[in-house]
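Got chain A sorted already, so can you dock chain B with the ligands onto it with the hints?
Line by line, the protein sequences give chains A and B.
For the first sequence, the residue numbers in the working numbering are 2 to 330.
For the second sequence, the residue numbers in the working numbering are 16 to 278.
No false leads were mixed into what you were given.
A few chain A residues facing chain B, derived, Cβ under 8 Å:
hint, residue
1, 103
2, 135
3, 188
4, 190
5, 251
6, 256
7, 301
8, 308
9, 313
10, 321
Calculated directly from the structure, the hints in this document are not laboratory data.
Each residue gets a CB set at the ideal place from its N, CA and C atoms; glycine is no exception.
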Amino acid sequence: MTPTVLVLAEASGGLLTGPTKEAIGVARTLAGPDGSLAAVTMGGPSALEALAPFGPKEVWVADVPPEAATSGAVAALAAHAADESRAAIVLLGGTTFGRDVTGRLAVRWGAAAATGATEVAIAGPEEVHVRRPVFGGRATEMRRLVGPRTVIALRPHAFAEAAASAGTPTVHVLDRSVIPATEGAARRRSLDPAEPGSGPSLSDATIVVSGGRGMRAAENFHLIEELAQSLGAAVGASRAVTDAGWRPTSFQIGQTGRAVSPQLYIAVGISGAIQHVVGMVSSRTIVAINTDASAPIFKVADYGLVGDALTILPALTREVRKVRGLPAN
Amino acid sequence: MEIVVLIKPIPEAESRLRATPDGRGLEPEGVKFVLAGYDESAVEQALLLKESLPGSRVHAVSFGPARCEETLRAAIALGADRATWVEGPPEGSDDPVLAARALAAALQTVPHDLVLGGKQAGDDEEGIVPGAVAELLGIPSFGYVTDLRSSGPSGLTFLRPTEAGVERWEAPLPCVVGLQQAWNDPRSAKLPNILKSRKAPILKVDWPTTSKALALEAKPRSIGEKFELPAPRTGAKMIEFKTPEEAAEKLVRLLREEAKVFP
Ligand SMILES: Cc1cc2nc3c(=O)[nH]c(=O)nc-3n(C[C@H](O)[C@H](O)[C@H](O)COP(=O)(O)OP(=O)(O)OC[C@H]3O[C@@H](n4cnc5c(N)ncnc54)[C@H](O)[C@@H]3O)c2cc1C
Ligand SMILES: Nc1ncnc2c1ncn2[C@@H]1O[C@H](COP(=O)(O)O)[C@@H](O)[C@H]1O
Numbered sequence: 002m003t004p005t006v007l008v009l010a011e012a013s014g015g016l017l018t019g020p021t022k023e024a025i026g027v028a029r030t031l032a033g034p035d036g037s038l039a040a041v042t043m044g045g046p047s048a049l050e051a052l053a054p055f056g057p058k059e060v061w062v063a064d065v066p067p068e069a070a071t072s073g074a075v076a077a078l079a080a081h082a083a084d085e086s087r088a089a090i091v092l093l094g095g096t097t098f099g100r101d102v103t104g105r106l107a108v109r110w111g112a113a114a115a116t117g118a119t120e121v122a123i124a125g126p127e128e129v130h131v132r133r134p135v136f137g138g139r140a141t142e143m144r145r146l147v148g149p150r151t152v153i154a155l156r157p158h159a160f161a162e163a164a165a166s167a168g169t170p171t172v173h174v175l176d177r178s179v180i181p182a183t184e185g186a187a188r189r190r191s192l193d194p195a196e197p198g199s200g201p202s203l204s205d206a207t208i209v210v211s212g213g214r215g216m217r218a219a220e221n222f223h224l225i226e227e228l229a230q231s232l233g234a235a236v237g238a239s240r241a242v243t244d245a246g247w248r249p250t251s252f253q254i255g256q257t258g259r260a261v262s263p264q265l266y267i268a269v270g271i272s273g274a275i276q277h278v279v280g281m282v283s284s285r286t287i288v289a290i291n292t293d294a295s296a297p298i299f300k301v302a303d304y305g306l307v308g309d310a311l312t313i314l315p316a317l318t319r320e321v322r323k324v325r326g327l328p329a330n
Numbered sequence: 016m017e018i019v020v021l022i023k024p025i026p027e028a029e030s031r032l033r034a035t036p037d038g039r040g041l042e043p044e045g046v047k048f049v050l051a052g053y054d055e056s057a058v059e060q061a062l063l064l065k066e067s068l069p070g071s072r073v074h075a076v077s078f079g080p081a082r083c084e085e086t087l088r089a090a091i092a093l094g095a096d097r098a099t100w101v102e103g104p105p106e107g108s109d110d111p112v113l114a115a116r117a118l119a120a121a122l123q124t125v126p127h128d129l130v131l132g133g134k135q136a137g138d139d140e141e142g143i144v145p146g147a148v149a150e151l152l153g154i155p156s157f158g159y160v161t162d163l164r165s166s167g168p169s170g171l172t173f174l175r176p177t178e179a180g181v182e183r184w185e186a187p188l189p190c191v192v193g194l195q196q197a198w199n200d201p202r203s204a205k206l207p208n209i210l211k212s213r214k215a216p217i218l219k220v221d222w223p224t225t226s227k228a229l230a231l232e233a234k235p236r237s238i239g240e241k242f243e244l245p246a247p248r249t250g251a252k253m254i255e256f257k258t259p260e261e262a263a264e265k266l267v268r269l270l271r272e273e274a275k276v277f278p
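For reference, chain A alone in the conformation it holds in the complex (with noise of 0.2 Å):
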C-alpha cells in the first residue's frame, strides 16, 4: 500500500507552527518509505517557504487572507487538494483552526473523521486507527475510521515535531472559485493580538503554572508568573480568580474555561473543585500546593506539597532558576 498522506499547514510569520510540524512527523510515519507526503496551505508564497524545507513531494497552495478564512472557504480548498493529490489521508494540526475545519472537510471530501488524536495508525486497505482522550481526559478510546478517506485532526503535543530535511516540491495553485459563495459575506474584523512576551499561550504550552483563590490577593499573583516564566511556562488560573477579576476569563482552566494536558500542569492554591479538574487531569504530570493537606487536589495530583505558596513559590522560582542555569531574578 501506498497511500498520499495530506498535512493542512498553517504557517505564522514565515515559520510552520509546532501543530503543523507534529502533523507532518506523522504524515512521514503513515507514508512510509512508499507512500508520499503532500501538504497544502492558505497561507500563499510565505507559507509555501516555510513548508518546503518539510519534504512534501506536492504542495497545493491558496492565498487566503486570514480575514476570509472561514472553515468553509478552507474545507472546500483543502478538499479540493486531497482529490487532486489521491490522499487516502488528511491530517490537521490541533489548532482552533485545525479543529474548525475537520467537521466540514469530512463531508466536504466524504470521508470518516476524528479529532485529537493521540495515536494514529493504518490497520488495514480501508481502515486507520486513532486513540484519542475523552470525557476531558477521564477516559480514552480506540476508534475504527473506516473507509478510503479519512480526515484526522492531532492532539497537540502528543507527537514529536518533524525535523526539516530539504526538497522541492511541485507546486499547484488551488482556484478559489470551489469556495462557496455562501462564505463570502463572512468577514475577521479584528485579531487582538496574544500578548506579545507573555510566554507561549495556554493551548501550547507543555508547561501550566495555574494560580487559585489560595494566592489570597491579586497582588500575589506575580509569584504564579515568575514561577511560569522561570519554567517557560504558559499562566492559567480557577474560576475563583477569573471571577474574583485577577486574571481576565482568557486563563480559565475548567470545565467553562480551556482544557490543557501540558507535560506538567503545577497547581498553586487550587482545591480541586471537579469543574477545574476536569479542565487539567489528562496533564501528564500534575503538582500540588495547598495549606489543606485534605484538598481534593491532592487526590489528582502526582507531588503533593503542604504549605504556604506565599513562601514555597519564591524559593521554587529561586532553585528553578539556579538549576536552568537563568540569573537569579
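This is chain B with the ligands only, laid out in the frame that chain A set:
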C-alpha cells in the same frame, strides 16, 4: 430569529465511567444522562438571544437513542419552544459525522436562521458535528465562539479565542455556531416549568425515515473499538520539608529525575 439548538445527552459530570462488557464503549447502565457542558451553554445562549429579539423561537434537536427525549424536556423546561428527537439507528452509533448527517436531514424541514451547538460534546469531545451540519446545509460555520451577539436581522458578531489571539468576526445568517461560552452561566429550570415540560409534545423523526434519506451514508464509519479508563490516580506522593528551600529543592529533583518533565 429561528434558533435551532443541537443538544446531546451526556453523562453527569460526577458519573462513574466504566466500559461495556465487550470493552468497546461506555456502559450506559446506571449512568444519568443530562444536558450539560457546552450544550447547556448553547441552550442558555439561544434563550438569551430569543429574549433580546422579540418574536424569536428556540427549537431543540437531539439525535440518538431514547434518552434524547429527557434531555429535550430539560431544554423545554429552560424555555425552548419546541423539540425534535431524531432517532438513532437501533444498533446505536457514536459516529459524529453520521450524527451530523441525520441532524442536517431533519433540519431540511425546520426553519433555522441560527443553528447553535456546543464547541464539542462533553463525552466524545470531537467538535465535528457543527461544522459537518453546516457543510451539509451549505451555510457558514464558526467554532470556539464566545460573546455571540445579533447585529440586526441578518447578521451576527462574535469573538473567537485562537492561538494567535482573540479574533472578532462578523457573520451572515443563516449559519452554524459551535459555542465555547454563553454570556451567562446556564440558568436552572423552575419547578413548574419542569412539571410542564413532562407533558410537552416532542416531535420524532424515526430511524427508518432518516436512514432512507441518508441511503448509503446511513452506516457509521467511525466506530468505537476500545474504551479504557486510566488506572485511578493513587493520590499524590507527599513531599516532606522543613523550609521552603527544602521543598523547592526536593520538588525540582523529583521533576527532573523521576517524572522527567523538567524543561
Ligand atoms: C457550572 C460551574 C462551572 C464551573 N467551571 C469552573 C471552571 O471552568 N474552572 C474552575 O476552576 N472552576 C469552575 N467552577 C468553580 C469550582 O466549582 C470552584 O469553585 C473553583 O474551581 C474554586 O477555585 P479555587 O480552587 O481557586 O478556590 P477554593 O476552592 O476557594 O480553593 C482555594 C484553595 O487554596 C488553598 N489555600 C488557601 N491559602 C493558601 C496558601 N496560602 N497557600 C496554598 N494554598 C492555599 C485552600 O486550602 C483551598 O484548597 C465552576 C463551578 C460551576 C458551578
Ligand atoms: N447526537 C447529537 N444530537 C444533537 N446534537 C449533537 C449530537 N452530537 C453532537 N451534537 C452537537 O454538536 C456539538 C459538538 O459535538 P461533537 O462533534 O460530538 O463534539 C455538541 O456540543 C452538540 O451541540
